[in-house]
Each structure stands twice: as structure tokens, then as C-alpha cells.
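Undergrad: Okay, here's what each chain looks like letter by letter:
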Amino acid sequence: MQNKQRRIVIILISLLILFIGLYMTTWLIGIDSITVNQLLRGLYRRSSRITAMIVVGITMGLTALVFQTLTQNRILTPSVIGFDSTFILSQTLVVLMFGFSSPILSNAYLNFILSAGLMVLVSFFLYSTILRKGKNNIGLLLLVGLVMRTLMSSLTQFLNRIMDPDTFLTVTSRTMPSLTNMNTTILWTIAIPIMVVVLYLMVKDLKYLDVMILGEDQAKSLGVNYVKITNRNLIYIAILISVSTALVGSLMFLGLITVNISREILKKSYHKPLLIFTSLLSVLLLVAGQYLIQLFQINTSLVVIINLIGGIYLIYMLIKGDKT
Amino acid sequence: MKRRSILIILFIALTCISLIVGVSNITIKGLIELDKDMWFLISTSRVPRTITIILAAVGLSVSGLILQTITNNKFVSPDVVGVTDSAKLGLVIGVLMFGSFSMQFRLLFAFIFAVLGGLGFVFILKSIKFKNDVYVPLVGLMFGAVIQAIVSFIAYQFNLTQVVETIGIGSFTTKIQGNYELLYVVVIPIIIGFIFMVQFNIIRLGEDFSRNLGINYKKVMMIGLVVVALISAAIFVVVGNIPFVGLVVPNLVSLYYGDNIKKTSFDVVLFGSVFVLFADIISRLLIYPYEIPVSVTMGIIGAVIFLFLIYRRAHYAK
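First to last, the protein sequences are chains A and B. Position 164 (the first sequence) corresponds to 163 in numbering that gives the first Met the number 0; numbering is contiguous. Position 191 (the second sequence) corresponds to 190 in numbering that gives the first Met the number 0; numbering is contiguous.
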């Protein structure tokens with residue numbers, strides 16, 4: 000069993016390296032002459048994209064995994080109950096409060112810190128109360144999440160309606176990044192450091208989560224400070240989702256697919272091996288998907304395809320019956 | 000009874016306000032003096048708009064009520080479980096295959112796909128092994144998301160993104176004479192729905208039980224789905240998507256009147272109309288002389304009410 004898993008990991012890693020190599024080099028085919036400068040620039044752009052995809056992939060996997068443990072539910076991810084719509088709403092609010100020409104907005108860093116801070120506050124306030132109330136009532140949690148999503152997007156639409164066109168353009172350019180149109184200004188200076196630090200902190204908490212998955216009472220009797228760890232991890236998740244939404248936009252179903260596939264393969268509840276599998280799968284899906292879409296020049300975005308596959312997979316899982 | 004008369008008074012008052020409120024000034028004095036321009040304005044713009052609002056409101060609340068009854072779940076409505084999304088898919092495919100933008104064509108395609116979508120949802124619902132009230136809307140949401148993804152995939156492929164973006168926004172703004180008459184289609188399914196209300200109420204109790212009472216379960220289920228699909232498709236094609244009406248209105252009514260839908264269906268219709276009229280008047284006044292799409296206003300008002308409902312339920316559950 001152990002050997003089989005190791006083999007899968009090795010296959011995944013080699014596939015990943017293969018696709019990263021292909022992604023970095025395919026564009027060179029068919030170009031007759033190229034200057035060193037052009038080559039370096041091309042490689043730099045692609046490598047920063049790859050880095051972003053790797054970090055985002057790991058983030059999506061880890062947040063989904065931890066969130067599922069905290070809510071004790073296998074079919075939830077932070078985005079399903081509206082974490083990423085909170086980010087878009089807070090972006091819009093920031094633009095509206097300070098006006099689009101203010102230095103706070105033109106400075107990508109200040110703007111990012113402000114809206115991410117706002118989002119962490121809002122989502123922490125909302126979801127910690129809901130999570131506590133809905134501990135034994137996932138239905139409640141889910142419904143609140145669904146309603147929140149509609150509420151946030153309606154509020155955002157409303158604010159968009161009443162702001163003038165210039166402001167609106169600023170907001171859409173800030174809130175509509177995608178995998179092909181990444182927000183690279185903040186990539187190296189803010190996004191990556193924050194994500195690495197928070198990811199490290201979360202990985203350190205994984206050992207508690209191994210206990211918490213047994214249920215609140217068991218975890219408490221085994222000496223885990225349940226409420227504290229839950230709140231802490233919710234803040235981590237809010238930060239990570241806001242960074243990754245600012246970077247590449249919303250990826251609703253990615254974590255859902257990869258976490259569940261890893262669970263199917265591993266048939267274990269330990270978080271560390273699950274995390275390794277999930278992260279590898281997520282990154283592979285992002286890089287390979289992006290590469291294949293560019294290769295075959297499919298005129299669509301990867302997010303649409305991920306949503307399509309993810310939704311069908313989820314329905315299949317529900318029909319088959321949840322084993323947990 | 001007292002509540003119902005309050006509702007009726009509210010309904011009449013809001014209808015009058017809806018006829019009067021707008022950018023061009025209409026005064027009661029002018030109407031009495033038979034001012035030609037004012038009467039022209041009322042008959043070509045305000046009356047069609049108000050009729051559209053009332054028809055859409057009645058249709059949405061009734062379809063929500065029927066769907067909630069036949070699936071025996073309080074948390075579903077046509078826009079939650081993917082029927083509306085299916086109508087959208089049908090519309091896009093219709094535009095793609097025939098390039099025809101005529102309203103009747105759109106309605107036909109939207110209707111066919113809405114029926115298919117409704118059937119698909121019920122089929123998935125039936126095959127889920129373990130039943131839980133909460134998973135039903137979740138399954139519907141996922142189903143809707145899948146269809147939505149197909150729509151955006153097609154839209155990207157054939158450069159239809161703009162069409163898709165614009166058809167989804169529910170608004171009564173453009174509903175003037177010559178532009179709204181197709182919505183009268185919903186009157187037929189609404190009447191059929193009312194005729195079968197008792198049967199719908201019975202099949203909520205389950206397949207065996209309804210057979211005991213002499214009801215053809217499959218047939219009634221099918222009638223319910225077709226009624227819901229036709230209403231949602233027509234409203235989607237003519238007005239656009241208006242969230243929460245189908246979900247919130249039947250729930251609020253059943254808070255006060257209970258679940259015997261034979262008795263409550265009239266109140267549902269009345270309350271739904273008051274609700275949508277109110278939201279539309281707010282949409283018209285908030286950034287006067289401009290307007291906000293009613294789907295946005297409804298999204299905010301409906302969400303807040305629904306959150307209140309959920310919290311109330313959780314509170315009592317303890």
C-alpha cells in the first residue's frame with residue numbers, strides 16, 4: 000500500500016515537471032531567431048506564472064482540506080459559502096469609499112492590504128458566528144453561505160451601478176483577474192511572502208486537525224483548544240483566499256475536486272499525506288489545464304472547465320453516497 | 000382574514016404608486032382633467048410595466064410554491080435548482096442554432112430546456128441514496144453551476160458572452176407596450192397550477208401514500224414540473240432572472256398561515272405581488288432619475304429576509 004502511494008506521488012511529480020517543462024518551452028518552437036533579452040523576458044513571464052499557479056494550487060488544496068475538517072463536511076470549500084465574493088465586495092467598497100483617483104488605489108500594495116484586511120474582518124465576523132451556531136447543522140451553514148453569495152454579488156452589482164464609469168473600470172480591473180491575466184505586480188512582493196508564511200503556519204496546525212476530525216468532544220478531551228484553533232484557521236483561510244482571489248480570481252471547485260480525489264486514493268484521514276496529494280493534484284490540474292488550453296487554442300477559460308468537471312464530479316459523489 | 004385585508008390594501012396602494020412613480024411627472028389632477036400626454040404615458044408605459052410586475056410576481060411565487068410542495072423541501076425554488084439556468088441554456092442554444100432573436104423562438108427553446116432541466120434535477124434527487132433536506136438545494140446549486148458552466152463554455156466558443164451577460168439581468172425598465180405581451184403566456188400554467196394545488200399537496204406525502212389516496216404520483220409530478228418550467232422559462236425570457244421571490248415568499252407565508260397550500264396559495268400570490276411591487280418601486284426611486292435592475296434590489300432584500308428566516312429557524316431548533 001505504502002509503495003503504491005509512493006509510486007503515485009512519483010508519477011504525479013514527474014507529470015508536473017513534464018508539463019512545467021512543456022509550458023516553459025513550447026512557445027520557442029517555430030521561432031527562427033530570438034535575442035537573449037527576449038528569451039529572458041519570455042522565460043521570466045512564464046516562470047512567474049508557474050510560481051503563481053504552484054502557490055495558488057497549494058493554497059486551494061490546503062484551504063479546502065482544512066475547511067472540510069473544520070466544518071466536518073466533505074463537500075464544502077470556502078468558496079462555496081462565499082469567501083471569495085466577500086473579497087470582491089470589499090474591493091468594491093474600498094474603491095467607493097476612497098474614490099478611484101486616491102493614492103490608496105493607485106498604489107497596488109496599500110489597496111491590497113486594505114481590502115484584504117477588510118475581507119478578513121468581514122469574513123471572520125460572519126463565518127465565526129455562523130460556524131459556531133451551525134456546528135451541528137451544516138445545512139444552516141450552507142444555506143447562509145449560498146444566500147451570502149447572492150447578497151454579496153447583488154451588493155457589488157448595486158455599488159457598480161451607482162459609481163461612475165471610470166471608477167467602475169478601476170474596480171473591474173482590480174476584481175477580475177484570471178489565470179491568463181494575473182495580477183503580477185503584487186506577485187513577488189506581497190502575495191508570495193504572505194502565502195508562504197500563512198501556509199507554513201497552517202501546516203504547523205495540521206497535527207491538531209488530525210485530532211479535531213474526530214469531533215469536537217473527542218478533540219477537547221484529548222487536550223486540543225478547539226475554538227482557538229478553529230478561529231485561527233478561519234483567519235488563515237480568509238487571508239489565503241483573499242490573496243489568491245486577488246492574484247488569479249475565483250476558483251470555486253478546484254480544491255473540492257482535488258481533496259476528494261486524494262481521499263479516494265489514500266483512504267485515510269491524516270492531513271499531511273492528504274495535503275501532499277491534494278497540492279500535487281491541484282498544481283498539476285492548473286498547469287496542465289492551462290498548457291493544454293493554450294496548445295489546442297480552446298477558446299475558453301480554465302475556470303469554466305474546472306467548474307464543469309467539478310460540478311459533475313460532485314453530483315456523482317452525492318448520488319453514489321457519501322461514506323463519511 | 001385581517002392580515003389578508005391588510006395585504007389587499009397594500010397591494011392596491013402599491014399598484015397605484017407603481018402607476019404614478021417614474022421620471023415623467025404624472026399627477027392625479029392631470030389624470031382627472033384628462034391630460035392626453037399623461038394618459039398616453041400611463042397606457043403605453045406604466046400599465047404594461049405594472050402588469051408585467053404582477054404577472055412575474057404571481058408566476059414566480061406560484062412556481063416556487065409548487066416546486067417546494069412537490070419536492071417536499073422548503074429551500075428550493077426554480078432559480079436554486081437549475082431550472083432557470085436550463086432556460087438560459089436553451090435560449091443560448093436557440094440563438095446559436097437559428098440566429099433567431101424572436102421572442103417566441105426564445106421562449107420555445109427556453110421552455111424545452113427548462114423542462115429537461117427540471118426532469119434532470121428530479122432524477123438526480125431520486126437517485127441520491129441518503130435523504131437530507133439540506134443536500135437538496137446543494138445538489139440543485141451544483142446542477143445549476145454545471146449548466147452555467149456549459150452556458151459559459153458555449154458563449155466563449157461562439158462569442159456570445161455579451162448576449163449571455165445581458166439576458167440574465169432581471170429588469171422591468173424596458174417593459175412597454177409591444178414588449179411584454181408574451182408574458183401573458185404564464186396565465187395558463189398558473190391556472191393549471193391552481194387546479195392541481197390539492198394534488199400537489201398530496202404527493203408531498205410520498206409515492207405510496209398518494210397512491211393510497213388515488214393520486215397518480217408520476218403524472219402529477221410531471222404536471223407540476225411542466226407548469227414550473229413553463230412559468231420560469233417565460234419569465235426568464237421576458238423579464239430576466241429575479242432571485243429569491245420563489246424561495247422567500249412561500250416560506251414567509253407559511254410562517255403565518257401554515258402549510259395547507261390549498262388555503263394559502265392566494266396569500267402567496269398576493270404577498271408575492273406586494274413584495275415585487277415594493278422592490279421595483281425602490282429600484283426606481285433609489286438613484287432617481289436612473290434605475291437599478293430589480294434583480295439587484297431583490298437580491299439584497301431577499302437575502303436579508305432569508306437570512307432572518309434561517310436564523311429564526313436555528314433559534315427555535317435549539
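Where hints are given, some of them may not hold.
[Stated by the list, open to error] When the alpha-carbon atoms are kept at most 30 Å apart in a straight line, the in silico BS3-like pairs for lysine-lysine are as follows:
1. A:LYS319 x B:LYS218
2. A:LYS219 x A:LYS266
3. A:LYS206 x A:LYS267
4. A:LYS319 x B:LYS73
[What the hints assert, rightly or not] Computed, partial: chain A to chain B, Cβ under 7 Å:
5. VAL143
6. VAL146
7. LEU158
8. GLN217
9. SER220
10. LEU221
11. GLY310
12. ILE311
13. ILE314
14. ILE318
Bear in mind the hints are in silico, worked out from the structure with no lab data behind them. All values reported here derive from a predicted model rather than from experimental measurement. Note that beta-carbon positions come from the ideal geometry of N, C-alpha and C, so glycine has one too.
Undergrad: Take the hints in turn and mark each one as holding or not.
TA: Outcome of the hint check:
{"no.": "1", "hint": "A:LYS319 x B:LYS218", "in the structure": "holds (27 Å)"}
{"no.": "2", "hint": "A:LYS219 x A:LYS266", "in the structure": "holds (25 Å)"}
{"no.": "3", "hint": "A:LYS206 x A:LYS267", "in the structure": "holds (14 Å)"}
{"no.": "4", "hint": "A:LYS319 x B:LYS73", "in the structure": "holds (24 Å)"}
{"no.": "5", "hint": "VAL143", "in the structure": "holds (6 Å)"}
{"no.": "6", "hint": "VAL146", "in the structure": "holds (5 Å)"}
{"no.": "7", "hint": "LEU158", "in the structure": "violated (10 Å)"}
{"no.": "8", "hint": "GLN217", "in the structure": "violated (23 Å)"}
{"no.": "9", "hint": "SER220", "in the structure": "violated (23 Å)"}
{"no.": "10", "hint": "LEU221", "in the structure": "violated (27 Å)"}
{"no.": "11", "hint": "GLY310", "in the structure": "holds (4 Å)"}
{"no.": "12", "hint": "ILE311", "in the structure": "holds (6 Å)"}
{"no.": "13", "hint": "ILE314", "in the structure": "holds (5 Å)"}
{"no.": "14", "hint": "ILE318", "in the structure": "holds (5 Å)"}
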